[in-house]
Each structure stands twice: as C-alpha cells, then as structure tokens.
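> Based on the sequences and whatever the hints tell you, model everything.
For reference, the chains in residue letters:
Protein chains: 2
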Amino acid sequence: MKSVKIKSPATIANLVCGFDVLGMALNDPQDVMQVTLSKEPGIRIQHNDIYNLPVIPEKNVAGVALLELIKELDNENGFDIVIEKHIKPGSGLGSSAASAAGVVVAANHLLGNIFSKEDLVRFAMAGEKLASGVKHADNISPCIYGGVTLIRSIFPLDIIPLPAPPMYVAVVHPQIEVKTSDAREILRKEVLLKDAIKQWGNIAGLVAGFMQNDYGLISRSLEDVIIEPVRSILIPGFDEVKKKCAAAGALGGGIAGSGPSIFMLCKEENVAKDVELIMKGIYDSIGLAYHSYVTTINNKGITIV
Amino acid sequence: MKSVKIKSPATIANLVCGFDVLGMALNDPQDVMQVTLSKEPGIRIQHNDIYNLPVIPEKNVAGVALLELIKELDNENGFDIVIEKHIKPGSGLGSSAASAAGVVVAANHLLGNIFSKEDLVRFAMAGEKLASGVKHADNISPCIYGGVTLIRSIFPLDIIPLPAPPMYVAVVHPQIEVKTSDAREILRKEVLLKDAIKQWGNIAGLVAGFMQNDYGLISRSLEDVIIEPVRSILIPGFDEVKKKCAAAGALGGGIAGSGPSIFMLCKEENVAKDVELIMKGIYDSIGLAYHSYVTTINNKGITIV
Chain V
14 MKSVKIKSPA TIANLVCGFD VLGMALNDPQ DVMQVTLSKE PGIRIQHNDI
64 YNLPVIPEKN VAGVALLELI KELDNENGFD IVIEKHIKPG SGLGSSAASA
114 AGVVVAANHL LGNIFSKEDL VRFAMAGEKL ASGVKHADNI SPCIYGGVTL
164 IRSIFPLDII PLPAPPMYVA VVHPQIEVKT SDAREILRKE VLLKDAIKQW
214 GNIAGLVAGF MQNDYGLISR SLEDVIIEPV RSILIPGFDE VKKKCAAAGA
264 LGGGIAGSGP SIFMLCKEEN VAKDVELIMK GIYDSIGLAY HSYVTTINNK
314 GITIV
Chain W
14 MKSVKIKSPA TIANLVCGFD VLGMALNDPQ DVMQVTLSKE PGIRIQHNDI
64 YNLPVIPEKN VAGVALLELI KELDNENGFD IVIEKHIKPG SGLGSSAASA
114 AGVVVAANHL LGNIFSKEDL VRFAMAGEKL ASGVKHADNI SPCIYGGVTL
164 IRSIFPLDII PLPAPPMYVA VVHPQIEVKT SDAREILRKE VLLKDAIKQW
214 GNIAGLVAGF MQNDYGLISR SLEDVIIEPV RSILIPGFDE VKKKCAAAGA
264 LGGGIAGSGP SIFMLCKEEN VAKDVELIMK GIYDSIGLAY HSYVTTINNK
314 GITIV
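Protein chains in written order, with this note's numbering: chain V, 14 to 318; chain W, 14 to 318.
Rather than coming from a laboratory, the hints here were simulated on the basis of the structure.
For glycine and all other residues, C-beta sits at the position ideal for the given N, C-alpha and C.
Mixed in with the good hints there might be a few duds.
[Unchecked claim] Part of the chain V face toward chain W, derived, beta carbon under 7 Å:
1. Ile173
2. Glu203
3. Leu206
[Claimed, not checked] Calculated from the model, a selection of chain W residues having no Cβ within reach of chain V, i.e. all distances over 12 Å:
4. Lys52
5. Pro54
6. Arg57
7. Lys255
8. Leu290
[Stated by the list, open to error] Subject to a maximum C-alpha distance of 25 Å in a straight line, what follows is the list of computed DMTMM-like cross-link-like pairs (lysine to aspartate or glutamate):
9. Lys256/W <-> Asp171/V
10. Lys207/V <-> Asp195/W
11. Lys148/W <-> Asp208/V
12. Lys202/V <-> Glu236/W
13. Lys207/V <-> Asp208/W
As structure tokens, this is what we get:
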C-alpha cells in the first residue's frame, strides 16, 4: 500500500504579544511520522518513542485529527501510523500540534492532496481540542504553512502567513511541568484597556517589523504586558533569563506556548549561542534540569521525507 | 521676514481596531496656515475663519505646540500665525492636530528644518493635550508623515509609517457634538481578554493587509469589538450607516477619532460615491443635518504651498 514519511516541526504559539494569534515554526526538533494507506478501515497507531502516549485513536491527538479528515472521505480507507516523537510532550513547543498536523498532511498526500491547507488546519484542531480542551490554531498553522503565521480568526478560520527575516532561536526547556489547562486558568478574564492598547500597538509593530525586515522594530515590539506577567510566575528563572538574554543582544522573546520552555529570538547566530550559554548558566545555578539548543525559523512547515 | 504657507490635512485617528495607535491622513479637508518668522519675540495668532477659536497662544492648540518648539530654540525669534481653518473643530477629523502639527512643520521649515519629524510630533502633542486633556499622536503622526501611521508607543515615541494601497474614503459628519472627554469617559477601564485577543488579531491582520495590498484582508480586519460598541451609541444612525455601507461594498470603517464623523474605506471610487449617497439618505430620513464627501488617503501629509 501507499506510504509516506513526513517530518513535522516544533512550533512556538502565543508569540510574545501575539497570544492566541501568532505562531512560528522551528527547524528543531521535528517529529517523524510514517503514515500508510490501508484497505482495512480504521486507524492503527504505533508510538516508536519513550513517551508512552495513548494509541487508541479517539485518545490520541493524531488519531482524532485523522478521524476528522476521514469523516469527509467517501471511501473506506484506513491508516496505519507510526509516530517517532522528538518534540517532548508538555514542553510548550507544539508537540500535540506536530502530531495532529503531521498526520493529516501525510494522509492528504496519500489521498492525492484533495484538501486545502485550511481544511488540514481545521482537522488538526480536533487534536488540539483533545490535548488542551480548546480549539486553537497558532501551533498547527505555522506547523503546516511554515514560517510565522497570524491566525486572525478561528471562527471563521482566517490564516495569514507572514514573511519574516531570518532569525536564530535559542530555546531552553526547564524540566518542570506546566499544564496548559493550569496556564489558562490563572489568566484573568478581564484586562486593563490601557494594557490591551499597548499589546495591540506591539503586535501591529511586530507584524510591520517582520514584513519590513526591521530587526529594531521587531525587538521593540517583542513585549507582552498581559499574559507573560501572569504566566511567567510558573517558570522559575524566567525574569533572569529574559533580562540577561536581552542584555546579551537577543531581540526579545518569552514563554513558548503555555510554557515551560522559554525562547529568545536573535539576529545573529553567535548572539543566539551566547544566549543559550546564559540560559544554561541560570538553570545550572538554580539546580534545575533543562534542555537547551539553538535553531532557526522553519519556513517549509511539514515536509515529505 | 521669511514666511511660509502650508496645508495641513484632516486625519482619522482610532482607525477601527487601532484605537489610540493607528491613524490615516485624508486629502480633504485641509487647513491653510501662513506662518511668518518675526524679530519680535512671542506668538501672535489670527484666525481667518468662522470658528471663533482662542487666539491667546497658551489657549490655542497651535500656540502651545509652537511654544514647545520655541522652548528648544536658543534665539529670540517670534512667529505670526494666520490660520484658515477648513477642518471643523469637533468633527472627529483631527482639527486640533492639523493646527498643532501644521504650525510646527511651518516653523521648522522657516528655521531651516533643524528638527526631526519625531521632534515635531512631540511638540504638536502639547496641542492635543490642550485640546483633549491627553497626549496622543494618532492624528498628529499621519498629519505630519502622511498615509497610515502606527504609533506603537508614546513614551518613548515610536512612529511607524505603514504603506497602504490606494483607497477612497467616504465621510459623513452628522452635526451633533461629541466631546472627546465624554467619549473617553464612557469607555470601560477593563475589557474582556477574549475581546482584546480578537482586537489584536484584527490589527495584526489590518497591518498585514495594508502592507500586502490585500483589500480582502483589510476588509475582514476592519472590525472593532471594544471601542465602537460603546461609543457608537453617541452617534445616531451609526449602526444603519455601517450595515448599509458594508452591503454596498465598502471595505469597512467606523467612528473617525472620537466622532461624530463616520468614515468608510472603499476600494473603488464608484462604491465610495454610492456609500456617500447611502449616508445622505440615512441622515435625511433621520432629519439630522450633516456634511458628507468622498476623498482619498493623503500620502504627503502637511505640504508647503
């Protein structure tokens, strides 16, 4: 039977001032998935990794995403899925989105690309709903489209891929657990109008900065006065990381997704490497285990291997 | 003595989802000002119009703006100002900004352009403070820079001129009074986070739409879920104008500044003319006096005549 192997990238949602609307794809890490079209109806999932994720389709984010796609097919095909997860679940780097988006992109390829990218985002959102309780697309969209994407609206879905200049991304993942549901619950339902104005001034500046390759403007706009002050208290060392990385020349950054990973955007590779060293130093001195690395923006999204 | 005549355009601040941060300059109407450098220190203001505005410099928006500029001079020059106002005060179309920005641009020209545009915005904001009690720059910036400008931040001042495709602007000014201070007071100090998210998704979409000449995206993004629902109750006929103009093909629009003028952006001139007719029809049937017209985006800002 027809089979395809894909790579599905890590993504950063809630990109600083772009809470719930702005996401970015990374070149590392990437999940690997092998999806095979089968005459036997149904979905069979196998996980070739250490994470012990559920393999019952209805309880697996890739499974539910694929079930959404299958609903719109008029045939009885089934799928065999082998997932090799490299994006650690719970890292804040879009692990569930990579599974959900990866499987529907792979299935669509096997079916002769009958669905649009927007359709695929719609299917994959079912996986996000399973993972976090909320349909959101700011991991899935950059995962599928690559680069930076704006999700102006979910209902109706309105995805705008944004050009952005090359950037290096230093990431540190302190090994603590932050549940997406907890990270959502601590947010206030109301915010000050004056803070909201600051935030929409910043996201407007960030979009303009990305589109004009204006690193200075990008840097000035990378400020989140609403979500970060609340959520960062869940992440030990956050303020120190941010302050020291900015002093070392990072453009700016913040919490990846709902955490606990922290990312910093940099114009130059050597700055990103310095920034990673700073991150290491801080978590070494706190005595908290962590994983850190430097990567770049992924402009391709999910790729067929 | 040296003298200069300038034209200073009307502007629309609070551009739909860009409350407090996004403004646009119009080709009509424009104030005309004659500014003359004098050896006699001090400022003398004459108003050649029907609006009976104060001529004491400390009480005149152009006067206080120019006083700010003079503070930074190391000579004893004075200025004679003749203002011919065509932008009706209280229309929501940046009448005070046109005076404040116009006079400092003219003075700077007479002084050999010793100040930057950003300096001029800073001086002119003193006029806005006098007029509305609050320093804001979303009328002054497009007035000076032309086109559409983003004011990402006031302290420190960060102005980003944004490219935008050609558009026609239909404007109706119902002849009622909406005080800027009242329009500010009725706003809630807190807003729902979910509305704020919608708003920053929209402004991000609007900026991307402007920069990519994507009229469809511009149209979808021209939505204000925070300010307009509150302020529009001060403007009779607002909902009907908006609904019928959208149905006639306008891209979208809203309240100009803090009102009471309403504007609608259109891609085609004939649509803008239809939209103006709709506006006329609505205020004729309400029985409220109004002034309406169609103009275009002014990309030059203040010009030397």
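> Min Cβ distance, Glu203/V to chain W: is it shorter than 7 Å?
holds, 4 Å
> Check the non-interface label on Lys52/W: least C-beta distance to chain V beyond 12 Å or not.
holds, 42 Å
> Far enough from chain V: is every CB of that chain over 12 Å from the CB of Leu290/W?
The claim stands: Leu290/W keeps its Cβ more than 12 Å from every Cβ of chain V (closest is about 31 Å).
> Hey, is Pro54/W genuinely clear of chain V, shortest beta carbon separation above 12 Å?
holds, 39 Å
> So if I understand the rule, the pair passes when the alpha-carbon distance is 25 Å or less; does Lys207/V with Asp195/W pass?
holds, 17 Å
> So, as I understand it, the hint says Ile173/V touches chain W; can you test that by seeing if any CB pair is closer than 7 Å?
Holds: closest Cβ of chain W sits about 5 Å from Ile173/V, inside 7 Å.
> Taking 25 Å as the top limit, are the C-alpha atoms of Lys202/V and Glu236/W close enough?
Satisfied, since the Cα-Cα distance of roughly 21 Å is no more than 25 Å.
> Hint Leu206/V vs chain W: min CB-CB distance below 7 Å?
With a minimum Cβ separation of about 5 Å from chain W (threshold 7 Å), the hint on Leu206/V holds.
> Would you check the hint for Lys256/W and Asp171/V, treating anything up to 25 Å between C-alpha atoms as holding?
holds, 22 Å
> Check the non-interface label on Arg57/W: least C-beta distance to chain V beyond 12 Å or not.
Its Cβ never comes within 12 Å of chain V, the nearest being 38 Å, so this holds.
> Lys207/V and Asp208/W: Cα distance at most 25 Å?
holds, 14 Å
> For Lys148/W and Asp208/V, compute the direct alpha-carbon distance and say whether it is at most 25 Å.
holds, 17 Å
This entry satisfies every hint, going by the numbered hints stated previously.
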